[in-house]
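Asks: Residue strings, one per chain:
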Amino acid sequence: NAGVTQTPKFRVLKTGQSMTLLCAQDMNHEYMYWYRQDPGMGLRLIHYSVGEGTTAKGEVPDGYNVSRLKKQNFLLGLESAAPSQTSVYFCASSARTGESYEQYFGPGTRLTVT
Amino acid sequence: AQTVTQSQPEMSVQEAETVTLSCTYDTSESDYYLFWYKQPPSRQMILVIRQEAYKQQNATENRFSVNFQKAAKSFSLKISDSQLGDAAMYFCAYRSAFNFGNEKLTFGTGTRLTIIP
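Protein chains in written order, with the working numbering: chain A, 490 to 603; chain B, 4 to 120.
No lab work stands behind these hints: they were computed from the structure. All C-beta atoms, glycine included, are put in the ideal place defined by N, C-alpha and C. There may be inaccurate statements among the hints.
Derived coverage of chain A by chain B (criterion: at least 3 residues anywhere in the stretch with Cβ under 8 angstroms from a Cβ of chain B; other residues may be distant) [as the list claims (entries may be wrong)]: (1) 503-512; (2) 558-570.
To give an idea of the chain B side of the interface with chain A (calculated C-beta under 8 angstroms), a few residues [stated by the list, open to error]: (3) V22; (4) Y36; (5) R66; (6) F94; (7) G111; (8) R115.
Beta-carbon label-pair distances, calculated as ranges [what the hints assert, rightly or not]: (9) A/A584 <-> B/Y57: 34 to 40 angstroms; (10) B/S83 <-> A/M508: 40 to 46 angstroms; (11) B/A75 <-> A/G529: 23 to 29 angstroms; (12) B/A100 <-> A/G529: 40 to 46 angstroms; (13) B/G88 <-> A/K503: 36 to 42 angstroms; (14) B/T23 <-> A/V501: 25 to 31 angstroms; (15) A/L558 <-> B/D84: 46 to 52 angstroms; (16) B/N65 <-> A/A571: 41 to 47 angstroms.
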């Protein structure tokens, strides 16, 4: 049982390049999330999904797109990377029902945009 | 919108002593969940403890316990018998008990805890 995995773990991009971060979970969770973590700002929600084929904007969605074509995968795309998108990105998942909707996190992806 | 505030950017404690991390939140909802997550240098986010708002009894998990004051909207974390492995960033988080647009966590900015040997 791998839990939540993220690919890649590290990436360096030049301004204007594009990339996709992949999140996969094997817990059959309905909900999936993408966060970014910046120094002094905690984790901020970028986009999330409450089920296959559905996505919704979070707190800081600009410059990112997402897709949830399969229940177990949640993709985060950067179409034209900017230095302001240098951050650590976390994916998380949680069940739709349960005692507390605990979120399980992936190990993070450190992205640097030069 | 809900907000979570952690007013202590950094804390330190002697090994084997007790430390309390503060968290306050703002919400108009009556039912919700509160969490403390730990993030060690490995970056992995680990759930430490959770509290359900409708339960008056404070949650405990081994050396970790909370002081949940619903009326004051306060949710502090107490770590007893601090160990070197407790050194980490600690995040307080809020989650509505209702779905339909509320299926997300709101995090505080974190408290960095240092353990002094």
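Asks: It remains to establish, for every hint, whether it holds in the given structure.
Replies: Going down the list of hints, with the structure as the test:
no.	hint	verdict
1	503-512	violated (count 0)
2	558-570	violated (count 0)
3	V22	violated, 20 angstroms
4	Y36	holds, 5 angstroms
5	R66	violated, 20 angstroms
6	F94	holds, 6 angstroms
7	G111	holds, 6 angstroms
8	R115	violated, 10 angstroms
9	A/A584 <-> B/Y57: 34 to 40 angstroms	violated, 19 angstroms
10	B/S83 <-> A/M508: 40 to 46 angstroms	holds, 44 angstroms
11	B/A75 <-> A/G529: 23 to 29 angstroms	holds, 25 angstroms
12	B/A100 <-> A/G529: 40 to 46 angstroms	violated, 29 angstroms
13	B/G88 <-> A/K503: 36 to 42 angstroms	holds, 39 angstroms
14	B/T23 <-> A/V501: 25 to 31 angstroms	violated, 40 angstroms
15	A/L558 <-> B/D84: 46 to 52 angstroms	holds, 48 angstroms
16	B/N65 <-> A/A571: 41 to 47 angstroms	holds, 44 angstroms
Violated hints, listed in ascending order, are 1, 2, 3, 5, 8, 9, 12 and 14; each of the other numbered hints is respected by the structure.
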